[in-house]
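Given the sequences, and given the hints that come with them, work out the whole structure.
Protein chains: 2
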Amino acid sequence: MSRNVQYLLAERPVGAVEPKHFRRVEVDVAPPAPGELLARNHWLSLDPYMRGRMAAGKSYAKAVEPGDVMVGGTVSEVIASNHPRFRVGDWVVGSLGWQTHATSTGEGLTRIDPTRIPPQAYLGVAGMPGATAWIGLLEHCAPRAGETVVVSAASGAVGGVVGQLAKMQGCRAVGIAGGPEKCRFVVDTLGFDACVDYKAGNLYGDLKAACPDGIDAYFENVGGVTMDTVFRLLNAFSRVALCGLISDYNAVEPYGVTMMRSLLVNRVKLQGFIVSDRMDLYVKAVGELVSHVAAGRLKYRETIAEGLDAAPEAFIGLLAGRNFGKQLVRIA
Amino acid sequence: MSRNVQYLLAERPVGAVEPKHFRRVEVDVAPPAPGELLARNHWLSLDPYMRGRMAAGKSYAKAVEPGDVMVGGTVSEVIASNHPRFRVGDWVVGSLGWQTHATSTGEGLTRIDPTRIPPQAYLGVAGMPGATAWIGLLEHCAPRAGETVVVSAASGAVGGVVGQLAKMQGCRAVGIAGGPEKCRFVVDTLGFDACVDYKAGNLYGDLKAACPDGIDAYFENVGGVTMDTVFRLLNAFSRVALCGLISDYNAVEPYGVTMMRSLLVNRVKLQGFIVSDRMDLYVKAVGELVSHVAAGRLKYRETIAEGLDAAPEAFIGLLAGRNFGKQLVRIA
Chain A
732 MSRNVQYLLA ERPVGAVEPK HFRRVEVDVA PPAPGELLAR NHWLSLDPYM RGRMAAGKSY
792 AKAVEPGDVM VGGTVSEVIA SNHPRFRVGD WVVGSLGWQT HATSTGEGLT RIDPTRIPPQ
852 AYLGVAGMPG ATAWIGLLEH CAPRAGETVV VSAASGAVGG VVGQLAKMQG CRAVGIAGGP
912 EKCRFVVDTL GFDACVDYKA GNLYGDLKAA CPDGIDAYFE NVGGVTMDTV FRLLNAFSRV
972 ALCGLISDYN AVEPYGVTMM RSLLVNRVKL QGFIVSDRMD LYVKAVGELV SHVAAGRLKY
1032 RETIAEGLDA APEAFIGLLA GRNFGKQLVR IA
Chain B
732 MSRNVQYLLA ERPVGAVEPK HFRRVEVDVA PPAPGELLAR NHWLSLDPYM RGRMAAGKSY
792 AKAVEPGDVM VGGTVSEVIA SNHPRFRVGD WVVGSLGWQT HATSTGEGLT RIDPTRIPPQ
852 AYLGVAGMPG ATAWIGLLEH CAPRAGETVV VSAASGAVGG VVGQLAKMQG CRAVGIAGGP
912 EKCRFVVDTL GFDACVDYKA GNLYGDLKAA CPDGIDAYFE NVGGVTMDTV FRLLNAFSRV
972 ALCGLISDYN AVEPYGVTMM RSLLVNRVKL QGFIVSDRMD LYVKAVGELV SHVAAGRLKY
1032 RETIAEGLDA APEAFIGLLA GRNFGKQLVR IA
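Taken in sequence, the protein lines are chains A and B. Every position in the first sequence, counted from 1, becomes a number in the working numbering once 731 is added. Every position in the second sequence, counted from 1, becomes a number in the working numbering once 731 is added.
These are calculated hints, taken from the structure and not from any lab test. Keep in mind the model is a prediction, meaning the values are calculated, not measured. One should not assume that every hint holds.
A pair holds if it fits inside one copy or across any two, identical chains being indistinguishable in the list.
[As the list claims (entries may be wrong)] Result set (DMTMM-like, lysine to aspartate or glutamate): computed pairs, CA atoms no more than 25 Å apart in a straight line:
id, residue 1, residue 2
1, Lys939, Glu912
2, Lys930, Glu749
3, Lys939, Glu984
4, Lys939, Asp919
5, Lys793, Asp944
6, Lys1030, Asp919
7, Lys751, Glu796
8, Lys751, Glu1037
9, Lys751, Glu1044
10, Lys751, Asp979
11, Lys793, Asp1008
12, Lys1030, Glu912
Listed below in structure tokens is the structure:
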């Protein structure tokens, strides 16, 4: 009988996540009960939201309890099935967590075609991050042609899609990313009009130069001083889609945002959102994104950690911005 | 020939406003040119937005330049007219500034009936502050019956109307105000369900007790630590109408808001707004408010400074929260 390797939440982090917050265990792979399937996980997605699930505080979803398998999106192959709708050999995307195998009732699993686009793209550009970009940009920022759209973490799984969709809307797309290599990728490969390197030490001036007509829409993944700086450049009646605050997640004390006055003076609409609130749009979004990827219209980049045992370090690196594009773990 | 007493902006304040930032001058009253009217100002409104106009920075309206008459809403009587639509004896509400007399082309002046409700109410509960409350609450917060609505500066000209309109919507109305006297007025006279005294030193705990089901809508006049504290108690899908940040206006360094994460986690919509963006709703709002006042359904309180020479100190007091209800200056 094969073994299921799992990573559990060992203890809740305060401040920075460290390897000690995870615990590796091995258990026997359980055969699927009647009505269940057994899946072999091929790809695990690592995403900033997981930091929130590790904490006990109120968040938008149930926290992971110490001793639980860490949550995470997965692309998997069905290897045994007592389920009426899933057959051996089916590929599925879902949320089966940080483990090599999982049994499932099929709830939350969606069958995918692994031949149309690379299957792991269903965890990134054509999955939850892509749909997050689509909903935040098109539903909450609602940019019009000619407007300037700024997105932070622009080389990331969400940000990269935001800017490319903004370009498809006829907007000026400006990214914020860390370091010249990421910024070059954002402009040269993803096709943004400009990308500002926040690590260069002149974020306000560089962003102002990159946005000569100000900022009409801002898709926020980062928070902190980046958000505060962008707030200074918002135009009247601009929109902010608040998607993530990754700079705060590992901080013991969150950053204090001083530019709330800009939201008042410029009559800004700021909308906090998470993708799962808009399942009414999710299927439409993913359908469009898959088409864009299949047609080569939507570019993306992946950082792949090899093997489930690499997941904790890869996740710690993600929170520190050390990944480049979508952070994945290849499990099998 | 009578004299026109005016208060000009003498210099732009940095930090707290002081009497030296104003200069009193007297000039001859000019007769109205063809097409103009001459008005005697009876009432001047003092409002927090004036602090923004005294600053050079970008705001939602043109700054007052040093040497200009201070801007301000007025209720006036027409005492001479070469204007086809205004006759001697007409009462008008408009924005004729910190002065005893003004000539006008009639632009921005609206004729009022000074017998239906007290004329100065057109500067408060049935004027710009009342319409601000109406638009921010009904348009941006859009509370449903049974929800909890919180408003800061609850005994003020805007806040008092917010809570009373919230009650008319079937909501639980909770105010935040400074001191037991204001809080008693908010509950006993205005009919809010509860009012929390932020000066009592336990804002979070007291507000939590006053909002046992959390906060669904927040009408913000104050900003700073009050806003940050309210953010901690927002419910999922709550709405924040950002109307004012008076606690920041006199500060050299604005407060740093740490609870942005609550806006994300709870998928909050925050909307900065000013009343003049929604002139499509203004006439409807004022019409309803006049009816409410005439019928005795809408209570309010005024602090009246006697004579135009009392305006600077009264304005300084307003920024420090020393007024109680609508701050007016009786000019004549």
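Within, between, both or neither: Lys1030, Asp919 at alpha-carbon 25 Å: within (11 Å within a copy, 62 Å between copies)
Intra- versus inter-copy proximity for Glu912 and Lys1030 (alpha-carbon distance at most 25 Å): Within one copy, since 16 Å is at most 25 Å while 62 Å is not.
Status of Glu1037 relative to Lys751 across identical chains (alpha carbons, at most 25 Å): Answer is within; shortest intra-copy Cα gap is 20 Å, inter-copy 69 Å.
Copy assignment of Lys751 with Glu1044, given that the CA separation must stay at most 25 Å: Within one copy only: 11 Å inside a chain, 61 Å across chains, cut-off 25 Å.
Up to 25 Å CA-CA - Glu749 versus Lys930, copy category: Cα proximity of Lys930 and Glu749: one copy only (24 Å, versus 42 Å across).
Intra/inter-copy verdict for Lys751 and Asp979 if alpha-carbon distance must be at most 25 Å: within (21 Å within a copy, 43 Å between copies)
Homo-oligomer pair classification [Glu912, Lys939; C-alpha up to 25 Å]: within (21 Å within a copy, 48 Å between copies)
Homomeric proximity label, Lys751 with Glu796: Cα distance no greater than 25 Å: within (15 Å within a copy, 61 Å between copies)
Within, between, both or neither: Lys939, Glu984 at alpha-carbon 25 Å: Between copies only: 22 Å across chains, 28 Å inside a chain, cut-off 25 Å.
Alpha-carbon proximity context of Lys939 and Asp919, limit 25 Å: Within one copy only: 21 Å inside, 51 Å across.
Copy assignment of Lys793 with Asp1008, given that the CA separation must stay at most 25 Å: within (15 Å within a copy, 40 Å between copies)
Alpha-carbon proximity between Lys793 and Asp944, which holds within one copy, between copies, both or neither at 25 Å: Between copies only: 20 Å across, 42 Å inside.
Hint check: no violations occur; every hint is consistent with the structure.
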